[in-house]
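Sequences are here, hints too, so could you generate the full structure?
If you read the sequences in order, they're chains A, B and C.
In case it helps, the working numbering puts the first sequence at residues 1 to 462.
In case it helps, the working numbering puts the second sequence at residues 1 to 334.
In case it helps, the working numbering puts the third sequence at residues 1 to 278.
Among these hints, one or two may not hold up.
Stated by the list, open to error - Here are some of the chain A residues that sit facing chain B, going by a computed Cβ distance under 10 Å:
no. : residue
1   : 9
2   : 12
3   : 19
4   : 52
5   : 56
6   : 61
7   : 98
8   : 102
9   : 106
10  : 155
11  : 162
12  : 266
Keep in mind that the hints were calculated from the coordinates and are not lab data.
Beta carbons are placed, not taken as given, at the ideal position from N, Cα and C, and that holds for glycine.
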Amino acid sequence: MEANEILAKAESLRNDLSTGFRDEIVKSLYTEAENIAKRAVKAATDKKYDLDQKIDRLVTSPYTGLPIMLLLLSFVIWLTVSGANVVSNGIAVVLFGIGDYGRALFDQIGMPWWITGFIWDGVYLSLAWVVSVMLPPMMIFFPAFTFLEDLGYLPRVAFNMDWLFKKTGAHGKQSLTMAMGFGCNAAGVIATRVIDSPRERLIAILTNNFVPCNGRFPTLIMLATVFVAASFPPALTSFIAAGTVVGVVLIGVLFTFLASWILSKTLLKGEASAFTLELPPYRRPNISRILYTSIIDRTIFVLWRAMQTAAPAGAIIWILANIHLGDSNLARMIADWLNPFGLLLGLDGVILLAYIIAIPANEIVVPTMMMVYMGAGMMINGPSGNSAIFDLLVNGNGWTMLTAINLMLFALLHNPCATTILTIYKETKSYKWATLSVVMTLGTAFLVTFLTASFARLMGWA
Amino acid sequence: MNMTVWLALTIVLIAAIFIPRMGFLAIYKTYRATRERELVEDALKHLLDREQHGRQASPESLAGTLNLQRGRITRLIEDMETQGLLESRGTNLHLTTQGERWALHVVRAHRLWERYLTDEARMPLGRIHGESERREHSLTEAQLNDLDAALGHPTRDPHGDPIPTREGTLLKTEGMPLTAWQSEDPVRIVHLEDEPALAFEQILAAGLRLGQTIRILDRNPQRILLTDGETEFRLAPAVAANVSVAPLPESEAAKANAIPLAELTYDQRAEIVVLDEAVQGFTRRRFLDLGLTPGTVVYPELQNFFGDPRAYRVRGTLIALRKDQAAQIWVKPV
Amino acid sequence: MTNTKTILPTEHCETCPAFTQLEQMGIKVGDFDRVVALAGNPNTGKSTLFNTLTGLKQHTGNWPGKTVTRAEGGFEFNKMRYKLVDLPGTYSLLSASQDEEVARDFILFGQPSCTIVVCDATSLERNLNLVLQVMEITEHVVVAINLMDEAKRKGLEVDARSLSRDLGVPAIAITARTGDGIHTLLGAVADVIEGNIVTKPLRVHGTPEFQKAVNELVPMIEQMAPGIPNARWLAIRLLDGDARVQKALSTGELGDIVSRQQRADVQFSAKMSVEGRQ
Ligand SMILES: Nc1nc2c(ncn2[C@@H]2O[C@H](COP(=O)(O)OP(=O)(O)O)[C@@H](O)[C@H]2O)c(=O)[nH]1
Ligand SMILES: [Mg+2]
Numbered sequence: 001m002e003a004n005e006i007l008a009k010a011e012s013l014r015n016d017l018s019t020g021f022r023d024e025i026v027k028s029l030y031t032e033a034e035n036i037a038k039r040a041v042k043a044a045t046d047k048k049y050d051l052d053q054k055i056d057r058l059v060t061s062p063y064t065g066l067p068i069m070l071l072l073l074s075f076v077i078w079l080t081v082s083g084a085n086v087v088s089n090g091i092a093v094v095l096f097g098i099g100d101y102g103r104a105l106f107d108q109i110g111m112p113w114w115i116t117g118f119i120w121d122g123v124y125l126s127l128a129w130v131v132s133v134m135l136p137p138m139m140i141f142f143p144a145f146t147f148l149e150d151l152g153y154l155p156r157v158a159f160n161m162d163w164l165f166k167k168t169g170a171h172g173k174q175s176l177t178m179a180m181g182f183g184c185n186a187a188g189v190i191a192t193r194v195i196d197s198p199r200e201r202l203i204a205i206l207t208n209n210f211v212p213c214n215g216r217f218p219t220l221i222m223l224a225t226v227f228v229a230a231s232f233p234p235a236l237t238s239f240i241a242a243g244t245v246v247g248v249v250l251i252g253v254l255f256t257f258l259a260s261w262i263l264s265k266t267l268l269k270g271e272a273s274a275f276t277l278e279l280p281p282y283r284r285p286n287i288s289r290i291l292y293t294s295i296i297d298r299t300i301f302v303l304w305r306a307m308q309t310a311a312p313a314g315a316i317i318w319i320l321a322n323i324h325l326g327d328s329n330l331a332r333m334i335a336d337w338l339n340p341f342g343l344l345l346g347l348d349g350v351i352l353l354a355y356i357i358a359i360p361a362n363e364i365v366v367p368t369m370m371m372v373y374m375g376a377g378m379m380i381n382g383p384s385g386n387s388a389i390f391d392l393l394v395n396g397n398g399w400t401m402l403t404a405i406n407l408m409l410f411a412l413l414h415n416p417c418a419t420t421i422l423t424i425y426k427e428t429k430s431y432k433w434a435t436l437s438v439v440m441t442l443g444t445a446f447l448v449t450f451l452t453a454s455f456a457r458l459m460g461w462a
Numbered sequence: 001m002n003m004t005v006w007l008a009l010t011i012v013l014i015a016a017i018f019i020p021r022m023g024f025l026a027i028y029k030t031y032r033a034t035r036e037r038e039l040v041e042d043a044l045k046h047l048l049d050r051e052q053h054g055r056q057a058s059p060e061s062l063a064g065t066l067n068l069q070r071g072r073i074t075r076l077i078e079d080m081e082t083q084g085l086l087e088s089r090g091t092n093l094h095l096t097t098q099g100e101r102w103a104l105h106v107v108r109a110h111r112l113w114e115r116y117l118t119d120e121a122r123m124p125l126g127r128i129h130g131e132s133e134r135r136e137h138s139l140t141e142a143q144l145n146d147l148d149a150a151l152g153h154p155t156r157d158p159h160g161d162p163i164p165t166r167e168g169t170l171l172k173t174e175g176m177p178l179t180a181w182q183s184e185d186p187v188r189i190v191h192l193e194d195e196p197a198l199a200f201e202q203i204l205a206a207g208l209r210l211g212q213t214i215r216i217l218d219r220n221p222q223r224i225l226l227t228d229g230e231t232e233f234r235l236a237p238a239v240a241a242n243v244s245v246a247p248l249p250e251s252e253a254a255k256a257n258a259i260p261l262a263e264l265t266y267d268q269r270a271e272i273v274v275l276d277e278a279v280q281g282f283t284r285r286r287f288l289d290l291g292l293t294p295g296t297v298v299y300p301e302l303q304n305f306f307g308d309p310r311a312y313r314v315r316g317t318l319i320a321l322r323k324d325q326a327a328q329i330w331v332k333p334v
Numbered sequence: 001m002t003n004t005k006t007i008l009p010t011e012h013c014e015t016c017p018a019f020t021q022l023e024q025m026g027i028k029v030g031d032f033d034r035v036v037a038l039a040g041n042p043n044t045g046k047s048t049l050f051n052t053l054t055g056l057k058q059h060t061g062n063w064p065g066k067t068v069t070r071a072e073g074g075f076e077f078n079k080m081r082y083k084l085v086d087l088p089g090t091y092s093l094l095s096a097s098q099d100e101e102v103a104r105d106f107i108l109f110g111q112p113s114c115t116i117v118v119c120d121a122t123s124l125e126r127n128l129n130l131v132l133q134v135m136e137i138t139e140h141v142v143v144a145i146n147l148m149d150e151a152k153r154k155g156l157e158v159d160a161r162s163l164s165r166d167l168g169v170p171a172i173a174i175t176a177r178t179g180d181g182i183h184t185l186l187g188a189v190a191d192v193i194e195g196n197i198v199t200k201p202l203r204v205h206g207t208p209e210f211q212k213a214v215n216e217l218v219p220m221i222e223q224m225a226p227g228i229p230n231a232r233w234l235a236i237r238l239l240d241g242d243a244r245v246q247k248a249l250s251t252g253e254l255g256d257i258v259s260r261q262q263r264a265d266v267q268f269s270a271k272m273s274v275e276g277r278q
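As structure tokens, then:
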């Protein structure tokens, strides 16, 4: 019997079947399943979905749904900001203390200055920065987020937000992939596989980067705490800082909608496709498992990856800062050269240099930046405490509120890290889309920061 | 400028023109051949279309459709005759068996592409015709069969036209123009003609879609007034002539007193009667897989700030559906 | 559950023909005696069961679509080494979304020694729909009724024996999170593989008209590939016009599964690249 004969036979049989036969197949499967289930399941009481239903009514209701969502987001971020603040200083003191001690030890045993400098002021300092900036927020954010995920809250977010996505020509499950993006944009890009329509999936992939990932959160938290919240009474700082970060996240969501809408009107033309989403029943999260996966598995994993890029980056910075040319050094010279462009965007040359060095991983932007500033001789030890950082940036390097705000915007909007770009390429199998993801985000970042800077200068604020 | 440079330039230029497969000449030739093939295929489609509508095709009608000069048409017809694709009898043109086979192939390609663009690429209806017109010329028989299989062997294109099978049989188009339907009974839209594009756009803009059940409320020489039970539609008679309708088939009659799932009020229970014919392909399967099969009892349970989507309790699970999807599921309140 | 998390010794079984197909799908089966797949609707606790069995840390989450790639791990039970494959959740094996295809292709072409279909005890009806479909493809099926703790909380009593009787395959009540019932589950899996339990999967026949068409195709398929275990399912898929199955048929891939011969060009293996962490 030939395969082709069978195919032809199947086709002729199919044409003879009544048109709805596919519906019939599924219907008979479900009827059978229903009968079997009826025989096997007995309801002892009929309070079945009671509690679930009450919660669901609350978290999706027209009046309370969106506010609860915003409150939960704010709460998680507030928890992260205030918790991180407590631990962060302690960790910094210890780590930078070890640095001082190591340096002293090396000096004592008569190591050449360049070995001491390379190891302790380059590689170690960069690692210490990454750990003290990143570890605390992650330790709090990941468990809190995983808790909501395990509870079953994420599909409700997708349910609440879908209408907006539909209006922008995108898929409602994009909220799920964005939620994953908070953890890591590369994971967010992989998660877009839940979207069936290729067009809408591409939109979700290209815009995922507008969600600040865990590598960028620390930058936002630090800037919000050190700059925006600094002028408020201490009792309020954590609320102001959290509010600022929430604001930045919302701006990111806004840009996601905007970019999705523009994409579905131009490059990825089309209308919203079918959307079906199961809202699973709530489940009691497994706390010990959550703590384990989010701290051991995710935090350590992400931190380790960050450290792997931080060490060479620290080395590079140190070398650049120690190649002296006349009065200046190479790092300074590059930064000076980038400075006019940086100023145009309301940033400065050092920030741009840090971003260039941080292409492999966004996490190391702050450490890199700090090291270049410090390399200029302001301070040898790591500054501990927010006031020291404030002092270093404002008095030592001429930062203003505009610099801080624009850096937050830039951190939110700029290009995806190398891992994410690679993932986008793998998922789309196209250089075109991978390139577009970079051009689109970077373009937005340049444009937005340029506009805010110009506006601020026009108004005489900066 | 010295000699060698000139010589080199000339060689490069000649090479650029004559290099096989990549030179300008080769590219031009391929272009010509492709263009010629497209012309032939468009001519075949025209002849098939005329035959199906019981009208004669002539060099004039062909020139009109293809938008070409008479001289060009004469050459085209001669070419096609030598290829054994058509015969002229008097002023009339007829397809040979071979010509008809090819014509059906092109029609099949066109309609499968339309199906693909609607179901998979989810392109708006107004754009699929033009896009398919461009793509219909490029597929081989085997590729077409693959496309057909990938789409789940659809029988009709998104306008309601039948798709030829791989053996080349073509179902008859049922229905009559809306303008010819005289009674007040509800009818179902079975076909939306997509040419001329202007009329088609008006049909789409009015909000009519395939498979919709409508009733004529009023007619006069300026306009025809329709309703689907909820919205009223106004069409100029010239446009309405491009909408074909057929009486409701027996099983669909049930649909007449069924309502779309989207219209159920909060917590109102209803039994699914049938999935609308406009839902096809992947979406239809998804619906069925989620348990939205005829006979299932469902009710809306959750509504969000925007009122869209709503979540329905289906076989014990909450499933969120957007309004326009829920409008394609017909239910009967119980 | 003490003996399942041992580190596995290595010994190759390159000559075992049943495993060639799996090798091609990117799974190293050399170190294992048996391959078990975890199928089921999204959110039924497949990944949780996977973690409990293998001691690995595949991420779980309460939303459909958390697992989009395939994960693998190993465990040992009664001196047998098992390879466990966690598949993306699917509502059915009929539609062709990307993750459903991964699951479907694996059960059909990967030919695992046994497939565990993980069900949610609190919405059995929906889950059994998938069980019925998996049972069309293979008779080596064990049904795991998971989330029994949730069912209890909601006041539901699930009678696993009634399910076993109706379905014709073992149905075991478990709570993946705590490990309740898992020993029994693994016992049933071993019994099904070893033939101590002979399964008689329930088949759904559909309308008479459809049944007739299926019956016309089945002999043709059996004639082309004698001994093919799931001719009925293939006939149904062909009638439905399943592109993937049609391709497998015309390229001869199906015949090859039956004769279990190594093939060089399994195109879909590339698609099933194994990505670990997400
Ligand atoms: N209460 C309870 N929850 C469970 C059990 N098994 C899984 N879960 C939860 O159900 C949700 C879905 O689990 P997961 O393993 O990701 O499902 P998958 O999509 O099938 O892989 C998660 O929130 C789990 O914590 C169980 O036995 N009891
Ligand atoms: Mg999973």
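Hint-by-hint comparison with the structure:
1. At a threshold of 10 Å, the smallest CB-CB gap from residue 9(A) to chain B is about 13 Å, leaving the interface hint violated.
2. The interface hint given for residue 12(A) is met, as the beta carbon of that residue sits about 9 Å from the closest beta carbon of chain B, less than 10 Å.
3. Interface restraint check: residue 19(A) against chain B, minimum CB-CB distance 7 Å, threshold 10 Å, status holds.
4. Evaluation of the residue 52(A) hint against chain B yields a held restraint, the C-beta minimum of about 9 Å falling below 10 Å.
5. Taking 10 Å as the C-beta cut-off, the interface hint given for residue 56(A) holds, the closest approach to chain B being about 6 Å.
6. Annotation: interface hint on residue 61(A) holds; nearest CB of chain B at approximately 8 Å, less than 10 Å.
7. With a cut of 10 Å, the hint placing residue 98(A) at the interface with chain B is violated, because the nearest CB-to-CB distance is about 52 Å.
8. At a threshold of 10 Å, the smallest CB-CB gap from residue 102(A) to chain B is about 56 Å, leaving the interface hint violated.
9. Of the supplied interface hints, the one on residue 106(A) is violated, with its beta-carbon coming no nearer than about 62 Å to a beta-carbon of chain B, more than 10 Å.
10. Using the Cβ-Cβ criterion of 10 Å, the hint placing residue 155(A) at the interface with chain B is satisfied: the shortest such distance is roughly 8 Å.
11. Taking 10 Å as the C-beta cut-off, the interface hint given for residue 162(A) holds, the closest approach to chain B being about 5 Å.
12. The criterion of a C-beta within 10 Å of any C-beta in chain B is not met by residue 266(A), whose closest approach is roughly 14 Å, and the hint is violated.
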